[in-house]
Structure formats: C-alpha cells, structure tokens
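Quick note, the sequences are listed as chains S and D, same order. By our numbering, the letter at position 211 of the first sequence is numbered 211, and the numbering carries on one by one without gaps. Quick note, our numbering runs 1000 ahead of the 1-based positions in the second sequence.
Honestly, the hints are just simulated from the structure, not real lab data. Just so you know, even glycine gets a beta-carbon here, dropped at the ideal spot from N, CA and C. Warning: the hint list may mix true and false statements.
Listed next, the stretches of chain S that the computed footprint assigns to chain D, with coverage defined by at least 3 CB atoms under 8 Å from CB atoms of chain D [said to hold, decoys possible]:
id, segment
1, 50-60
2, 87-100
3, 172-180
4, 227-234
5, 244-256
Label pairs and their calculated CB-CB ranges [what the hints assert, rightly or not]:
id, chain 1, residue 1, chain 2, residue 2, range
6, S, ARG220, D, PRO1056, 34 to 42 Å
7, D, ASP1004, S, LEU149, 43 to 51 Å
8, S, GLU75, D, THR1143, 52 to 60 Å
9, D, ILE1019, S, LEU17, 41 to 49 Å
10, D, ARG1217, S, GLU75, 38 to 46 Å
2 protein chains.
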Amino acid sequence: MRIDSLDFFYLAMPEILDIGDGSQDALLVRIVAGDHVGWGECEAAPLVSIASVVCPMSHSACKPVQASVLGQSVESVADIRRIGDLVRAHSLDLLQANHTLSGIDIALWDLLGRRLSEPVWKLLGYKQSHAKTPYASVLFGDTPEATLLKARTIQSQGFRAAKFGWGPFGRSSVAADEAQLHAAREGLGKDGLLLIDAGTVWNTDVDAARARLRALRDVRTTWLEEPFVSGALAEYHALSTESGPVGLAGGEGCHNVHMARHMIDHAALKYVQIDAGRIGGITIAKDVADYA
Amino acid sequence: MRIDSLDFFYLAMPEILDIGDGSQDALLVRIVAGDHVGWGECEAAPLVSIASVVCPMSHSACKPVQASVLGQSVESVADIRRIGDLVRAHSLDLLQANHTLSGIDIALWDLLGRRLSEPVWKLLGYKQSHAKTPYASVLFGDTPEATLLKARTIQSQGFRAAKFGWGPFGRSSVAADEAQLHAAREGLGKDGLLLIDAGTVWNTDVDAARARLRALRDVRTTWLEEPFVSGALAEYHALSTESGPVGLAGGEGCHNVHMARHMIDHAALKYVQIDAGRIGGITIAKDVADYA
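Looking at chain S on its own, in the form it has when it is part of the complex (with noise of 0.2 Å):
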C-alpha cells in the first residue's frame, strides 16, 4: 500500500481577528494509499507548511516535505515512524518541516487504524483508552466584567474545567491581572477546575511572572501555561520553584522529541503540554509521553 496522494486543506473563517484565538483557520491534510484515506491537521501557519510540501529542493537535506512521502508503503506502525524519519532528514534544513509533518503523521495514524480496525490508541500499545476532562478554552474578556460572565456562562454550559488566556492578561498591571484572575475564579464557581494561558507573554520575565503567583495560588489556578517562551528553560524552573501549587504547564512551541525532553529535564513542569500538531504528530508525542 503506498501513499498516492497528499493534499492539504486550508480553511479559514471570512475574517481572521488579531486576538489570541487560534482556531480562526486550520489546516487539515488527506492522504489517500490505494482504497484508503487517512485525515490529520497540523496546528500550524496554514500557506507556510504548503509551501514547505510543494517548494522546489534547495539541496539533499533542504527537501520539500512531499518529497519524503510521496510514493512510501505505510504497513505498520514502523513505516509511519520511518516516513517522519526521512522528512527529517530530508527535510533538515527546512524549518517549517516539523509542523507540517506533524499533519502527514497524524493523518497516516488515522489511515492505519483504519486500514487495520483498530483505534489509534491501540495501535499505540495501551491497553486501555482513558477519558479525559474536558475544558472550555476562552480568550480573558477585556474587564474582569466580561470574564465573570463568560465564566459563568461556562459553569451554566455544565464544564467543570476552563482556561483563560491571552487578550489583557499580563499585559497591563498586577491588580488588573489579578482582578480578572478573581472574576474567573467567581464565574467559575469554588468546585470548577480553573487553567491559565498566560501565553509567553513575559517572555523571559520571571519577576513579572512571579508578581502574579499570590493571585494565581488564590484562585486555586490548577496549571499556569506558558509564562515563558518554550526553550526559557532557566526561567521555567526559577518560577516552579515559588508557584506552589500552581503547576506550571509548557512544551507547545517544542517541534521534536529533543527540544520536549529539556523542557522536561530542565524546565521543572507539572503538565507536559506538547501539541500533536506542531512537534511531528502521534509519533513525537508518544515519545513524549513516554519519555515524561
């Protein structure tokens, strides 16, 4: 069975806000080997990674992504593993790659297990599918006013766990920020799990991070996302070991197995928080989860 075609999908809403909210397009990839079709997406720059498929070759390890895919037989679980081998090495110096592949690898886990009738899950080696809670990702309001109504719009739609993030948050002042971290936690109600995206938004800052942790730890905040930049690993383990109870989350900027495991060694996370779609799908992310 080999891999007949590659095509990428590119979908977007009619107008595209300059909010933190990154569900405003998606890139969704298809592949289809003989009678069979496989769908993934890649949570990344939707024009960009087309490019990064269709370019011509800058030299033997400045490859476009298709070049590695194209025409590959896909059996086992051994092949997909080996296909994302060869675009990263075939694909080495172009960086777009990872993102893109991470598409292409999740589209021929899907095309697998449906090849095979199993669950992706299974074809992974667990035993079990466990549930999952799930959560009510929004953007903070513009005033800790219209974060205490979405909050409690949340809490009336039955979740019992939501994250906040990005719009003002760390932004402006300490008081705001903490302002809106008590709106949330009020709108939520004293049960709900509440989960913060701070959104690399102190970059390396870890004073401005810190300044934050009374609030945070107040409103019973389960995990802090992203304060740093992935890769401030320093920085990361300076603010774990103040934060308390607030765990701190991060890895989603990671695009392969090595820059995860530094997060891991080194950062002091309490949520390995990779992204499928950005670090070279199923694959990478097992490893990941393996490795923590």
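Given chain S, work out where chain D should sit, using these hints.
Leaving out everything else, chain D in the frame of chain S:
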C-alpha cells in the same frame, strides 16, 4: 527613518542537485528605509521563507513576518532588536519565521552601518575586528581517490584549512570512512587544518560516531561538525568525553538563543557553530557569542 520596503530575491543554479551542497540557491533580503538600503541573507528554503513574509494572519501570534517589519523605525541598534522581538512575538507560532527574520536582521545591520558609516563590528561594541582563517568547504568525493584529488587541489590553491563533509561519509562502513579521512589528510598535507562535517548523518547514534573517532584522531581532525542533530545534547556530551583532541562543533540547527544556550550548557561543544542566517540574524548571533 521608517522601513518602506522589504523585498526578497530568490537566486538558484539552473539545476539543483540532490547533494549536500547548500550553496545551490540563496535568498537575499533588501530593506529600504528612506534613502538607505541594507542587504541580508537567509540560510533557508527560499519559497517557504517568502511565504512566511506574506501569508495571511492566522491569529495574533501567527502573523506574516512583514507585519512586524514594514513601517518600523530604524534609528539605532536598539531598534533592530525591537523589530526582532516583534517578529518573535507576533510570529511565535510560525515556525519558519526565525529563518526569515535572520536575513531581515542582517539587512537591518547593513542598513544601519551604511547610514552611520560604521562597520557592523563597531556597532556591535567590539574594539577591533579580528582576522579569520578562511577554509575551503567541499563535499567528500564519491571515492577516497576523488577526495584525495579535491584535497590536493585545495592545498595547491593555498588554503591553510579545508572542510570535507556529506557525500558518502558516515553512510557505509567504518573502513570506508577511514579511507576517506586519510585521503583528505594526505591531499591537504601534514600542516593543513582538517575539518570534518558529518552533516547529522548519525542522528543520535553515539556508537556509530564513536567508531570513527580513532581515524578522526589519527588524521588530526580539528573539529567534527554535527555528528548528531541539534538538540541531541546528551549524545554530543557522551561523544565529547571520548573525542580527545577532536573538538565537537554544532549548533547550526539552532533557531533561537535558547537552543544555542542549551547546546553550550549541555552538549560540551568546543566550537559553537550557529549560523547568523538561521538563528535570527546578527543580533542573536552576538547574544550567543556573549553567552559562550
């Protein structure tokens, strides 16, 4: 003085060969601000990088690179860093952006240097410019005899240093690589500096690299470049404990200051070999030099 235009020029040989020669194409960047012009170069897949400049916005942290560059003021070195910070924040989720930014940053240094009639090394704060030893950089021949001929030609041209890499090296037997290494040394003569570029051929396989150490030492290799992929910190470190006088060189795959710092801190490199055309330009390259 505001940035009026940002243009990319894609140059390529008439035919791109499937070999490890990264000089077969080039992506030049021209920035115009008022009466001043600056030129830079991205060491990157040209069309993918161009796509990252002009693609549609996906969300507030996945904007086309030009959104953070056009119209910006460039009066000082601080402005160059400010523009880089804007790109890193507003194109956070656009993986290719750091490769694209690299050429932009270099062009901004060129533009500022021309405007102030100062060489870039002075603008960087150095008291003097240091002479460099140029080295010839070629691919290994397909046979030891071909490599011998290349090395003799380089020696006869007066080069005191030469780098051999890619081609068949590392891809077949240890004996074959040993023959290649001895051919390079023989052709270069006993006094020439011999540099070897493994081109990440062993990925993370320390044993495969270790098997070549004796010959690398025997031919007095000054540096072994990229035995492993960037980020394979533990593997670099393990090899370094046995490589003796053969210094390890690496870092070309780093595309931000954090990755380079991790290589410096944990990979036991003797030669920190980041590429200004990939890591974010001269600004970040200087940060890495200061840290090293």
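Structure-based check of all given hints:
1. Coverage of the segment 50-60 of chain S by chain D holds [criterion: at least 3 residues with CB-CB distance below 8 Å; count 9].
2. Look at the segment 87-100 of chain S against chain D: 9 of its residues bring a Cβ nearer than 8 Å to a Cβ of that chain, three or more, so the hint holds.
3. As drawn, the segment 172-180 of chain S meets chain D at 0 residues by the rule of a beta-carbon pair under 8 Å; below three, the given contact is violated.
4. Residue count for the segment 227-234 of chain S with a Cβ under 8 Å from a Cβ of chain D: 5. That meets the three needed, and the coverage hint holds.
5. Coverage of the segment 244-256 of chain S by chain D holds in this model, with 3 residues showing a Cβ closer than 8 Å to a Cβ of that chain against a need of three.
6. At about 39 Å, the CB distance of ARG220/S to PRO1056/D agrees with the hint of 34 to 42 Å.
7. Taking 43 to 51 Å as the suggested C-beta distance range, the pair ASP1004/D and LEU149/S conforms, at roughly 44 Å.
8. At about 36 Å, the CB distance of GLU75/S to THR1143/D disagrees with the hint of 52 to 60 Å.
9. Restraint check, ILE1019/D to LEU17/S: a C-beta distance of roughly 46 Å satisfies the suggested window 41 to 49 Å.
10. Evaluation of the 38 to 46 Å hint for ARG1217/D and GLU75/S yields a pass: the beta carbon distance comes to about 43 Å.
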